[in-house]
Amino acid sequence: MEFLIETILSGLMAGVMYSLVALGFVLIFKASGIFNFAQGVMCLFAALTFAGIMEKTGLPWPIAFVMTIGVMVFVAWAVERFVLRHLVNQEPIILFMVTIGLAYVLEGVGDILWGSDVKVLDIGLPSGASDYMLDNFNIYVEKLEVFAALIAAVLVGFLAIFFQKTRIGRALRAVADDHQAALSVGISLQTIWVIVWSVAGFVALVAGTLWGAKSGVQFSLSLIALKALPVLILGGFTSIPGAIVGGLIIGVGEKLAEIYVGPFVGGAIENWFAYMLALAFLLVRPQGLFGERIIERV
Amino acid sequence: MLYREAGQYKTSYQSDQAIFPIAQDRWVVWAFVAFAFLVVPFFVNDYWTNAVLLPLLIYGLAALGLNILVGYCGQISLGTGGFMAVGAYASYKLMTSFPEMNMIIVVLLSGGITAAVGSLFGLPSLRIKGFYLAVATLAAQFFLVWVFNKFGWFYNYSMTGQITAPDREVFGFLLTGPSALPWVKYLFCLTLLAVFALIAKNLVRGRLGRNWMAIRDMDIAAELIGVRPLLTKLSAFAVSSFYIGMAGSLLFSVYLGAVEVGEVFGINVSFLVLFMVIIGGLGSIVGSFLGAAFLVLLPIFLKNFMVDGLGMLPTMAKHVEILLMGLLIIFFLIVEPHGLARLWQITKEKLRMWPFPY
Amino acid sequence: MSAFVEPARMAGHSGMAKGEVLLRVDNVSLSFGGVKAITNISFDIVKGEVRAIIGPNGAGKTSMLNVINGFYHPQEGTIAWRGKVRRKMKPYEAASNGIARTFQNVALFKGMTTLDNIMTGRGLKMKKNFLWQCLHWGPALTEENEHRRKVEEIIDFLEIQAIRKTPVGRLPYGLQKRVELARALAMEPELLLLDEPMAGMNLEEKEDMSRFILDVNQQFGTTIALIEHDMGVVMDLSDRVVVLDYGRKIADGPPDEVQASQDVIDAYLGVPHEH
Ligand SMILES: Nc1ncnc2c1ncn2[C@@H]1O[C@H](COP(=O)(O)OP(=O)(O)OP(=O)(O)O)[C@@H](O)[C@H]1O
Ligand SMILES: [Mg+2]
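Residue numbers (the numbering used here), protein chains in the order written: chain H, 24 to 321; chain U, 129 to 486; chain Y, 474 to 748.
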């Protein structure tokens, strides 16, 4: 029993990470209809930059963190200025491809600036097992994972407030529905895109940092981030709650499958299980958990 | 002779629908084909075949296949690497189980097996569209690579987990294995590519091709005029996978000789081939080759330039290469989303007008 | 101009005589979630006639066509085609049964040329298998050319020779509508559904289109169901009119009769009523 709970808990924790990456996707997709394939690499890039700044300058982590936010905002600005602006009204597939190109650029720049060796990201996050859980419930939980879950919760709350309560947030939601409406709020589309990409960059930084603290900052981080894609499928591309719930489902499902199904088929099935789960799910509900049902008309 | 359409009247629907309706085009193409078949084989050496020609031909074939699916039928796939792996492992099993089998048969059968697998993974396309489908094809990518890693039967339980191509002949000439001659490999791949490029062209200008494009452009209207969506999409998946499977088979047996599935057929290959199609031009046969040529030659050129020319460290050069690749993709999509094929067409149109542009 | 198809030899045709009931809609209701698009509608379409379906915006006209060609499935009611009640069918089945269609918002294949768009309409009539298509030679080529000839006749008939090789995405709206008609005609349908074929056209284009529709009806005997807002056109073209309002049928009969009906006048003037 304890073992099952441990498995589920660690699945939930991993799921939180997926959710964070998926959140970045959703933000950008909602506001601009762009399927941002580079989101995973953005996590890597942000974490690399964060670790790199600390390593090269020896600055304390809060300052480096703020500097990295600055870098991500700059990236957002550059993406809008040099890429998106020239692709207004292009077909979705073209925009999708552009973000794959962007992923390459970010990966290349990150590697050139900071090198491609594995970096440890030590910013004093709690680590080791939680004594409290171990003593009281006899359940093993990593402190870092609990911390990550807390951070994620805070981040989601923060985003919710941002979208509901601030003027910019409302404009962002408006632009998702109707570009004209957004203009009437008095914020240019360009500004909105920069803001959205900045927020997505910030989310990427948080996700990258948590992940990097857990298993080091390295290229595989951007591959793990690919796991956010099935999460999106489950949750629907435009739903923030969907991203969260989807992430948790995938996280738990993956761990359970690895333990209860894995042994029968030779193990290591977490490489693909998430995708298969998403695929199976799609067949039943093509619009995802929270996505609206699409009725086609002519 | 100037490049002109004038004076060439089409006397039948057939000649109007010819692949190259303009006579000058036909001559150039015939000359090119003759050159490739009759001249090049006498001059190829190991370096040229291995570094340039074989990757060009094989990736050209893969890009052609993917273009059928993405460019003509509008179904995005990120599973190319996985399907190429199916082709590779199918031919490995065929080559080792039936040593006498002609390599042409091996390659075709590998294509057929891949087509079956591809159609299976194409089934969801009836219900899933666009990006959802793209993500679903990732399931194929990761699942297939896992399968070939996990089950020893696929690599004949070899210690390394690798598959290695045994020596096999085609019409008495050694085609695979370390001592195969460059020109044999080259001609084999070239012939397959030429034949299947022609078949692809025939398909896309016939009924099936029109149905594919109809589904791509407006699937609802297509269904309302009698195009069966499932059948049409599946046929695109099947044909596309057939080509991709052949490419995987050639990549393994003729080109690399030994393969470790995760390295050679990873998700990066899926992207690479997709880029070839995009940069070359969606929905263009010629574009597939232009795209493949571009992305095969560019890294070679960059590497020579940066490492040998500028004296950069190879690891650094690799990073810069990735960066430049990304920039180029973005640049291309901004400047000409329809790819090299469109640029080529525009150039030809200009040429047709020359020297009087109006 | 020559008739490109002899009506009697048109494939897939029932050989029904003029005046027999080709399609009958019985007590059909259709709703989307809470929205009732069609409520308990019955009417029939008789072989050889031009049947107009009119009504204010949102009346459910397009939905009715969608039901007829199997794109929507009504929750209640039946549809009888050539006298037989048909089961729930897919759009492509309706197509192979001889029902063709044009769309309110042009639904052409944007990336393809005019010629290819129309050729696609002949897909159902082309039978050569995959292997022959790979070769594009022999019987496949003969078939391709045969159908090309048919398509060329349609192109001549609709006077769109000049845009044969133009990608339809680049054509002006009026011509796109014409290409759409051509694509539907290429199917040699027994019943042709036209959803506002003249919307957004200028007077001259409307006249051309009216002429084409009448020619199609008279020369090839194609039965036509036509949705149109321009009452003048409806009066000129149609044999019988069915009027919908808020998903209900409010009148059915010859054009002049319908036009005089008080219900219809009220509906068009927007007289408030309870529903
Ligand atoms: N796919 C759909 N999902 C939800 N509601 C729909 C759908 N299709 C039609 N409707 C609704 O059904 C009603 C009838 O629509 P329909 O398109 O049939 O009207 P119409 O008579 O063709 O109007 P118009 O003259 O504007 O074309 C409308 O209220 C419309 O909003
Ligand atoms: Mg309508």
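Hints are supplied without guarantee of correctness; some may be wrong.
Derived DSS-like pairs: lysine-lysine, alpha-carbon spacing no greater than 27 angstroms straight-line [said to hold, decoys possible]:
id: 1; chain 1: Y; residue 1: 600; chain 2: U; residue 2: 329
id: 2; chain 1: Y; residue 1: 623; chain 2: U; residue 2: 257
id: 3; chain 1: U; residue 1: 329; chain 2: Y; residue 2: 623
id: 4; chain 1: Y; residue 1: 509; chain 2: Y; residue 2: 561
id: 5; chain 1: H; residue 1: 53; chain 2: U; residue 2: 257
Which chain H residues stay away from chain Y? Per the calculated CB distances, all over 10 angstroms, these [claimed, not checked]:
id: 6; residue: 26
id: 7; residue: 81
id: 8; residue: 84
id: 9; residue: 90
id: 10; residue: 117
id: 11; residue: 163
id: 12; residue: 193
id: 13; residue: 221
id: 14; residue: 241
id: 15; residue: 321
These aren't lab readings, by the way, just hints derived from the structure by calculation.
Think of the CB as a built atom: it goes at the ideal place given N, C-alpha and C, for glycine as much as any other residue.
Against the structure, test the hints numbered earlier, and report the numbers of the ones violated in rising order.
Numbers 2, 15, in rising order.
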